[in-house]
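Visitor: Use these hints to put chain B onto chain A, whose structure you have.
Protein chains: 2
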Amino acid sequence: MTIQALMQQIGTQARAASVAMAKATTAQKNQALETIADMLLADKAALQTANEQDLTAGQAKGLDAALLDRLALNDHRIQSMAEGLRQIASLPDPIGEITDLRYRPSGIQVGRMRVSLGVIGIIYESRPNVTADAAGLCLKAGNATILRGGSEAIHSNQAIARCIQQGLEAVGLPHTAVQVIETTDRAAVGELLRMKQCVDVIVPRGGKGLIERVTQEAQIPVIKHLDGICHVYIDDKADIDKAVAVAFNAKTQRYGTCNTMETLLVARSVAAEVLPLLAAQYAAEGVELRGCETTCQLLSAAQPASEEDWMTEYLAPVLSIRVVDDVDQAIVHIRQYSSQHTDSIVTEDWSCAQRFLHEVDSSSVMVNASTRFADGFEYGLGAEIGISTDKIHARGPVGLEGLTSQKFIVLGDGHIRQ
Amino acid sequence: MTIQALMQQIGTQARAASVAMAKATTAQKNQALETIADMLLADKAALQTANEQDLTAGQAKGLDAALLDRLALNDHRIQSMAEGLRQIASLPDPIGEITDLRYRPSGIQVGRMRVSLGVIGIIYESRPNVTADAAGLCLKAGNATILRGGSEAIHSNQAIARCIQQGLEAVGLPHTAVQVIETTDRAAVGELLRMKQCVDVIVPRGGKGLIERVTQEAQIPVIKHLDGICHVYIDDKADIDKAVAVAFNAKTQRYGTCNTMETLLVARSVAAEVLPLLAAQYAAEGVELRGCETTCQLLSAAQPASEEDWMTEYLAPVLSIRVVDDVDQAIVHIRQYSSQHTDSIVTEDWSCAQRFLHEVDSSSVMVNASTRFADGFEYGLGAEIGISTDKIHARGPVGLEGLTSQKFIVLGDGHIRQ
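Protein sequences appear in the order of chains A and B.
Per our numbering, the first sequence starts with residue 204, numbered consecutively.
Per our numbering, the second sequence starts with residue 204, numbered consecutively.
It is worth saying that the hints were derived from the structure and are not from the lab.
Small disclaimer: the values here were computed from a predicted structure and weren't measured.
Any given hint could be a false lead.
Identical copies carry no separate label here, and so any pair may be met within one copy or between two of them.
To be verified - Simulated crosslink set (DSBU-like; lysine-lysine; CA at most 35 Å straight-line):
id : residue 1 : residue 2
1  : K399      : K411
2  : K445      : K226
3  : K226      : K440
4  : K411      : K264
5  : K440      : K264
6  : K264      : K247
7  : K411      : K445
8  : K247      : K226
9  : K247      : K411
This is chain A alone, in the form it adopts within the complex:
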C-alpha cells in the first residue's frame, strides 16, 4: 500500500470513528479512560519489552543520553500515564454543554452547544507518554485521534496504542478512534498535514524544528507555539521583595520550559537597587547574565548582550537583562521581541498594572506573578494538550475546551421568519 493510500485509509477510519466519539456518553468515555489506565498497568511488562526494543535501537543509532532518557518507560512513567488518564476521567465532560440560551424577539430561543472538533492529528517527538496523554484528552473531548510519534519510539507507541484500543473496544467505542501511524516514513507526516477532508486540527508537540515544519506545510489549522520568549518587567513602583522573588523563580524554577523567563526588563530608577540583589541569587544558581550597557555598568558579572539575545529562547541557565525607562519602553520592547507567550509586570502601581494587562498582547499576561504559572494545571484546566500563541481559536494553555467547538442551537415551536 502506498503511503498516500495508507494515510487515506487511516483518515477515513478516523472520520468515521469521530461520529461515534461525538455521541459517546460521559460514562462511556470515562470508563474507557479508566480501563486504558488499568491496561497500561496490567501490561507493564509488555510495554517495557516494546520500550526495550526502542532503547536498544536508539543506543545502536547513537542517540544521546538525554534523548534515551526521554524515551525510557520506567515504572514511574507508566504509573504517571495511568494517573494522567484517571485525572482526565475525573474532569467535567465539556461536550453537550449549552450556554447563553435566550429568547429572541421573534420567539425562537437561541443558544450554543459545545461539540467535539472531529479528528485531531497529533505529531510529537520522543516521549512515548504523549501517546496516552494526548489520546486521553482528545477522547474525553469526543474526538478521534491520529497519532504520529517519533520513529525512535515506534514500538513503545504501538504498545501503548494497543492498550488504548482495547480500552475503547471494552466500552463499545471503535478502536479506530485512536490510531498510531505505524510507518516511520516521513512522507506520512506530509500527507497528514494535507488531509483537509479527514483532519480538523493538528497539534504538534516537540522542538522548534518540528513546529516550523508543521507550520510551513499544514493546510489544516494548527494549535501551537513556536517560541517561549517570556519577559518579567520590574516597574519603578515594584515591591523589591516581590520583584526579586518573581524574577528569580521565573528564571530558575525550571530552565527548559517554554514559560521560563528569558529576558528581564528593569525600570531605570530601581535597577541599581534590584539588579545586584538578583545577580547574587542568580550567581548562586550559576545563571549566566547578558545585559544592556547600563546592566553591565551595574553588574560586573554581566556580559554584553547582542541584538540576537533579545530574540533568543535559551531554555538554559542564561538570562538577558535590559534596563528601560518606564512601562512604555517595556511594552515597546515586549511588542518587538516577545513571542507572545507569557509576560509579567511586577508593580504596586494600579495604573501601570492595568496598562500592562491591557496593552501587552501575549497569550498570558501577569501582574506580580512568576511566568512559570502559565500552564494548564496551574490555570485549573485540569490538563493541557499544549500552549498556543496563536490568536485564532485557542490561546494560551489549551485544555479540553480547546479541543471542542460550539454550534448554535435554535429552539422554536413552528416559528417562521417574517
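Guide: Chain B only, in chain A's frame:
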C-alpha cells in the same frame, strides 16, 4: 512601486494601526462610528458621483443588470450604511471584558480578557456597502482592516473609505486603521492572502468562486462558508401545521440566501399527508420540485432528482425532496450532503429532537424553526461579518465576538511557583 511592495506597505501600516485600535476607548470607537455615519450622509453627493463613475464603467463593460443594481449607491443604501454604523456603535464593546476570574490553590487569580484579533483582511465583490459594514464591525472590535473590494466598485469604495478615514482621524485614531487597496491588480489579493506577519484573519464575502480561490490560496486563517445546503427534516411525529409552515418559509421567504432550505427530508409515514399540502403551496409560488422515487409517486408535479441535486445549492425557486425511513436516515443523509450550515427538524418527539440537536454537526441546528433564522441579527449578535461553517475559532453567524480573541490574565501578589 511593485504590488508586493505596495501590499507590504499597507500591511505594515495596518499592523502599526492595530496597536492604537486595540487600546482605543469605547467612547472613541463609538464616536468614530457616529462621525463616519454623519460623513457618509454629508458627502452623499460625492459618494454618488464616484458611484456614477463605477456604474458608467460597468455599463461600458457590459455588466448585467443584477450586478449593476448591486453596485448602485442610491439614497436608501447610503442611509442604510449610516444606520448600520450607528447600530454597531450602540452594541456593547467586547474588548477588555474579563471572565472566569477565579482564585487557584496556588493563590494566583486566573481569568480571561477579551482582546482584538489585530488585522482583518476583507475580500468582497460588487456591493460597496460592505466597505462601511465590514470596516465598522472590525473597528468596534478594535481591529485594523485591509479592504479589497471588486474592481467594478473601486471609486465607490475609495469614496466610502475617505469618509471612514476622516471619521477615524476626527477622534484621534490613525486613518491607516481602515485601508482600501487602490489597485485593481488581482496579484494584490494573492499577496494579501500570504501576509502572515501583517494579517491575522481573512474574511471573504462573495460568490463561490471567490471563496474557493481564497480558501485555496490563503496561508492565513479564513472565516468563511462555501455552501449553504440546508435541510429541513419533517419527522413522523411532526405537527403537520408546523411542518408545512416551517418547510414553506425555509424555502420561499427568500431564495438567494445561504440559509434557505435546498433539500426537504420527510419521514415515510407522513409523506403522503404532508407532501401534497406543501406541493400546493410551492406550486402557488412557482417552486420547481425534484424528488426521490417515492416523492415522484406522491407528487405528479415533481421531476426525478439526480444524485447531483442533493449536492446543489440552488439559490433559486427549486427544491429537492427525499422521503426517508426515520430520523436515523435523515441524519445520515444530512451527514453526507449537508454543507454543515443550518439544518432543522420538525417534530413533537422529545427524544428525536434531542438526538437531532446532538448528532447533526452543523453550525446551526434547529428544532421546529425555519432555517431562515440563521443570521446574526436574528440570533441577537447585533450584526454579522459573515457565517462560518468551519469549526475552528468561529462557527455559525459571526458578530463582534468572532472578530476578537481571549488572552489569559494572572493576578498575583508576588506569587512564585513551588
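Visitor: Since the copies are identical, ignore which copy is meant and state whether K440 and K264 lie within 35 Å (CA to CA) inside a copy, between copies, both or neither.
Guide: Answer is neither; intra-copy 55 Å and inter-copy 66 Å both fail.
Visitor: As a check of your reading, is K399 near K411 (CA-CA no more than 35 Å) within one copy, between copies, both or neither?
Guide: Intra 24 Å, inter 18 Å, cutoff 35 Å: intra and inter.
Visitor: Evaluate K411 and K445 at a C-alpha cut-off of 35 Å and name the case that applies: within, between, both or neither.
Guide: Close inside one copy (33 Å), not across copies (57 Å); limit 35 Å.
Visitor: Treating 35 Å as the Cα threshold, decide for K445 and K226: within, between, both or neither.
Guide: between (49 Å within a copy, 28 Å between copies)
Visitor: When Cα atoms must be at most 35 Å apart, do K247 and K411 count as within-copy, between-copy, both, or neither?
Guide: within (32 Å within a copy, 54 Å between copies)
Visitor: Checking an output row: K264 and K247, CA cutoff 35 Å. Within, between, both or neither?
Guide: within (25 Å within a copy, 75 Å between copies)
Visitor: With identical chains, the pair K247 and K226 could be close in the same copy or across copies; at 35 Å between alpha carbons, which is it: within, between, both, or neither?
Guide: The answer is within: 31 Å in one copy meets 35 Å, while 55 Å across copies does not.
Visitor: Is the C-alpha distance from K226 to K440 at most 35 Å within one copy, between copies, in both cases, or in neither?
Guide: between (54 Å within a copy, 23 Å between copies)
Visitor: What label fits K411 with K264 when the C-alpha limit is 35 Å: within, between, both, or neither?
Guide: within (22 Å within a copy, 52 Å between copies)
The structure does not agree with numbered hint 5 stated previously, though it agrees with all others.
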